[in-house]
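If you're matching them up, the sequences are chains A and B in order. Just so you know, our numbering puts 134 at position 134 of the first sequence, and the rest follows in order with no gaps. Just so you know, our numbering puts 667 at position 667 of the second sequence, and the rest follows in order with no gaps.
Among the hints, a few may not be true.
Where chains are identical, the list cannot tell them apart; a pair therefore holds if satisfied intra-copy or between any two copies.
Unchecked claim - The calculated lysine-lysine pairs, modelled on DSSO-like cross-linking and capped at a C-alpha distance of 30 Å, are: (1) K617 <-> K659; (2) K538 <-> K523; (3) K256 <-> K538; (4) K195 <-> K554; (5) K518 <-> K534.
If you are wondering where the hints come from, they were derived from the structure by calculation, not from laboratory data.
Residues per chain, in single letters:
2 protein chains.
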Amino acid sequence: MKRFTISKKEKQLFMWIVKEKGFDKDKITHHGNQFLIGHLKLGVRGTLDGYTKEEKVAIHLPMVYDQVDNLWREPINAFNPLYTEVMVNGVILSPLISQVIDHEISLDLRYGLLDIKTTYLLDEIKVILHAQRFVDYTKERAIVGLFRISCNQDAKIDIKTGIDYDVWDLNGPHLNHIERKRSPYLSVLGMTEEKKRRIVVKKDVTFFQDHLSKVIEENKKLLIHTSFHAKKDQTYGFEQFSVIGVDDDENELNHKLNIMKHEGYKKIFTKHQKIWDKMWQYANVEIKGDQSADLSLRYAIYHLLILSPNRFMGESIPARGISGQTYKGAIFWDTEIFMLPFYLNTDQKSAKSIILYRIKGLEGAKRKAQSYGFQGAFYAWESQEDGYDACTDYNVTDVITGRHVRTYFKDKQVHISGDVVYAIDAYIERIKDFDILKQGALEVILEVARFYLDYGVYVPLRDRFEVWDVLGPDEYHERVHNNAFTNQLFKFVFGIVLKYEAFFKEMDAQFFHQLIAKLAYDKPLKLIHLYHQKIYIKKENHAGIIEQFDNYFKLKDIKLNDLLNQRIHQNEYLGGHGLAGDTKIIKQADVITMLYLFKDLYHVETMEKNFLYYEPKTEHGSSLSASMYALIGCMIGQPDYAYPLFMKSATVDLTGNSKQYAGGIYIGGTHPAASGGAYMTAIYGFAGLHIGKELSVKPKLPKTIEQISFHINHLGKLFKVVVNKNDYSIKEVTHD
Amino acid sequence: MKRFTISKKEKQLFMWIVKEKGFDKDKITHHGNQFLIGHLKLGVRGTLDGYTKEEKVAIHLPMVYDQVDNLWREPINAFNPLYTEVMVNGVILSPLISQVIDHEISLDLRYGLLDIKTTYLLDEIKVILHAQRFVDYTKERAIVGLFRISCNQDAKIDIKTGIDYDVWDLNGPHLNHIERKRSPYLSVLGMTEEKKRRIVVKKDVTFFQDHLSKVIEENKKLLIHTSFHAKKDQTYGFEQFSVIGVDDDENELNHKLNIMKHEGYKKIFTKHQKIWDKMWQYANVEIKGDQSADLSLRYAIYHLLILSPNRFMGESIPARGISGQTYKGAIFWDTEIFMLPFYLNTDQKSAKSIILYRIKGLEGAKRKAQSYGFQGAFYAWESQEDGYDACTDYNVTDVITGRHVRTYFKDKQVHISGDVVYAIDAYIERIKDFDILKQGALEVILEVARFYLDYGVYVPLRDRFEVWDVLGPDEYHERVHNNAFTNQLFKFVFGIVLKYEAFFKEMDAQFFHQLIAKLAYDKPLKLIHLYHQKIYIKKENHAGIIEQFDNYFKLKDIKLNDLLNQRIHQNEYLGGHGLAGDTKIIKQADVITMLYLFKDLYHVETMEKNFLYYEPKTEHGSSLSASMYALIGCMIGQPDYAYPLFMKSATVDLTGNSKQYAGGIYIGGTHPAASGGAYMTAIYGFAGLHIGKELSVKPKLPKTIEQISFHINHLGKLFKVVVNKNDYSIKEVTHD
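Bound conformation, chain A alone:
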């Protein structure tokens, strides 16, 4: 059993503040993710004010998708209104070229407030630059900041602050027909290629002191330039306000900016804080005895909070959150399986939004099924707006030959449709929001079942309904037959049809019959009744192991490290025809994910045997992997096996220890599914929460953790759960 260790660095983390000291050029990209702020419609990467596209600055607009030529379709980045450049005595200050004697970047998780303080030494003058920023939660897309400068000697200071319209893109440029305006505010306007959406970024500043300033333009930047003589040890600077519009009326944006300027930084921040305080009231989890676990989990929850769709009903959460264009800014099964549980406990409106997104996507899913010659709903592997699948047939590059690799995520990873149904059922069971069935969820269920009926095959001699030619969660083994996980989902989906058929026959038979008639669903319904019991479910073999798919047991046995040592290039993609394809090495939890999602169907002994069998064969090459092992680790009574896997999930965006490349493709960014998985491990694993009619717990705390406490929203009531080593309490508490 391999163990993950926790670095000293992780142990030094404070309770609410994530902080990094010292300047390290190699961490610029990682810090962009680590110190991300924003919300589901606006991501601002944790880069310095003086950075440009080279340092992966991004004012990211999730869900505003655009495609240039035949490049990958992805969400766009807007022009950067945070750009500020400082010269002291005519010399530009930048940590990339200047002498830095102190540098600290910190994120206050409580309010999503980023704070960057850098001390430079310039010809014996100490200069301190201190910037703060937050994405204003009281508005749709607005950023508020504070920028301070002080020197320990008198000096001449030049500040240039404005909008950098040279945008970092993976597959751009997306914004063209650029217009600049200097009044009433600095404004840069551009238009997306595909849908001609109008993107506007506006900015203004309020200087602490009155300075003469002029608007200049240089290096694709529209800037306010001011120059003054600074006195020793006095603080200069400005408050800054920016708004970003997507197809918004320009006058309204000007008006909005005008109000912000009048309110000022402090007033806006106070309002902003109230929203955050309320979010944390439901979401916070406290861990005692293990500060590192406590802060790491809080950091994970911070990411889930900034991604809450509750203000944007019908939107869902991309796999890389709001951290950039990686993975085409698309929504994967990550959201339904790894994030939804958090929102079900803490923020049911966000949970509902995640479901509504898939209901909205039904037509897209039907179109996708049709494009492959299937009936029903085949949900997108990489889902953009309206369920459009942005996944391509060549999602990886062969680093050895430079050729595109044909991958099968899009066309064979059919479990995604079942994951959507799994989420719908979990949502309804939890929230008792049966109305959503009539609002489209039942149609989603029926169309997914129809797709599964059409995709699966009946094998007459075996009298079985089988599922051939799929990818399971473990993407290293393509086009396998009877993936245990996928087959279990097929049976589940058919079962859900029968369940809600029974439900509606009781509650509203007319609605059900009308829907069946409207969808021409008589025949599928009959066939679902016929095949539901015939779906091939893999049983444990003599050793208690469930074979991941047909003939998995016949694959080559090899140790993970031996496999990795065979690489010719360190970024070699291991799946498909790569090194792992014909071995037992798997990318991520597969059978183990099935055991967790269908935990009621399996004995603990089966979980234990499969955990011990599969874990050493698992690369954990996906951020979806560790948490599933951690959860099963707890269920088999081994929270200390689970603990390092929990920490791996919770800290992935803190440490930056994640894959940055798949083959030749950049895949960096944040990992909200790992964050969700860390939350699940804490609540369902360590605390052992079980949500039936009542709440109950079966605590399995790892050695270092003395207590876990958290709130759970359950059927309209709020409960506080406190779990200690030897006792626990579950108490109803009042809430707003």
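Given chain A's structure and the hints, the job is docking chain B onto it.
Leaving out everything else, chain B in the frame of chain A:
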């Protein structure tokens, strides 16, 4: 429409003699194949007497399989009893190092007689070496030869002739525990690794003149050394006789060799000629107006004759004939589909042997099916003795990475089982040998049908029986669904079950019922009745094209040459994840093969449209390809399209223009399936022979061909068919 051109060299070929003049080191390997002699149990490559393993000398023992360690299992090569080394005035003569002023190697197709004449210039002395050899058709494994030497000046001559036991192997060494004996004859004995088979090679010579000689041993050669002073312009030399034993009694071999020596070269050759004369009586095809086509086709037929299994009932023909260890000396579908038609017309005993081989292989085929979890008979892709599948999961090497490539020939190319049934039915329909059904052929049919029933799947919503996850004949596209060819074979096999069920219900119901009971075949039979009409048969699309497999039409359009230009290494394997995998470029005839094999089911218009669609997309990277296009070319009334494809098939082993490497694997050798395909094109294409109750022809002669004439054995009668541009005749003739 691309055209193959015929080289001047091809045009210069004589009628019965295939001849190459001049020495070219680069052609040594090719000549080894081109000038091959032997029969189905002994192949002797066309190499010079002084050559060794470096020049790929092989005394090949087809069907004597052996495996060393985990290397590929292959037939062995025996010790070489043809080795002869000549010194003149103390200098060794060899075309590799000496000055050659004339060199001619020729093969008399009429008798399988190889003749090699080399004139050397050595210090102003002209020395002529002249060797002849044939594999004695009156015995099981014996070689007879004549070796002559003359100089135009007096000289001292040394001859060393004997057995070279340093054997060329692809995956050897196979022969160990080597023993040498000097009397009564030179003998070398060895033992195979796996089955401990005893291989013995014995040789003796009769010198023209009496010389003193002694037996010596040097460089893994056991040699008779004689030395004498030769007079100017006088011929010296010897007759040589060799026998090769496989588990044979040594005394009997000695006795056999003794008799041969007594009979002498000429007497043996006379007996040998009689056998050949009779073979040609049935087999010869004469083409008038086009000498090149005439000789090329005769050369192709020569190869089919040396491969006739008629003396070795129950044996079948390897894909590379008797030319060496390539393709593991295994039998492929080549034999059933591309060679059997020749034997059905000319030598029905050989045809029967080919069928018996598969009946013998039934148990092996059942074992193979079982190993993959299927019922019934899954015939070997590369079939060795008892139906053992020698194909490995890694049949190709990636030339860029040096890694083994997972190929799917063995586990997914299920059409092989149907090809066997196709051959059985063709044999019975032609020969009316219904007894063979009771001798195991019916059981083969039933078990293949059972396998197909278990392999195929029923798709409920479409109410269709489909065939997923196969390789069709075009091996560049792996793991496809509903390959048109394969599906048609499934339907055919089910249909054959129904056909013989009806036959036996009429003729011998008791036998049939007993067999059904013995095989527990009630349920499969019911299901075959049920699904026979539901098998998904691909229809022509709006443009008349039949899609090779599901979604083939969605693959990338690219020109063959553009694809080839993308290669990084010229021997790159194009299939699987290689360059062709996601394009429409195919290795070989696939839909076109289906159209030919099931020609009664398709209109000529369909054939024409599909020919024009698929031909430009076909690499013809298999020797099975050109002839199918040639046959369909004739059927659509375009014999001039067909002609170059016919010539490509007929001349492949004459010109050596074939792939020598697949990925990193040597695949050289002869191409009897191309030979069979050339024969089929001449008879069924150009002459347009149709064999119903009566024979009939629909001639489609290409421009250059004025007349084709040949014999056909039909229901015990022999017919001579003569086809001219504007008329034809079919006449019964007497035969032995």
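Hints, verified against the model:
no.	hint	result
1	K617 <-> K659	within (18 Å within a copy, 40 Å between copies)
2	K538 <-> K523	both (27 Å within a copy, 25 Å between copies)
3	K256 <-> K538	neither (59 Å within a copy, 63 Å between copies)
4	K195 <-> K554	between (50 Å within a copy, 27 Å between copies)
5	K518 <-> K534	both (27 Å within a copy, 29 Å between copies)
When the structure is compared with the earlier hints, a violation turns up for hint 3 alone.
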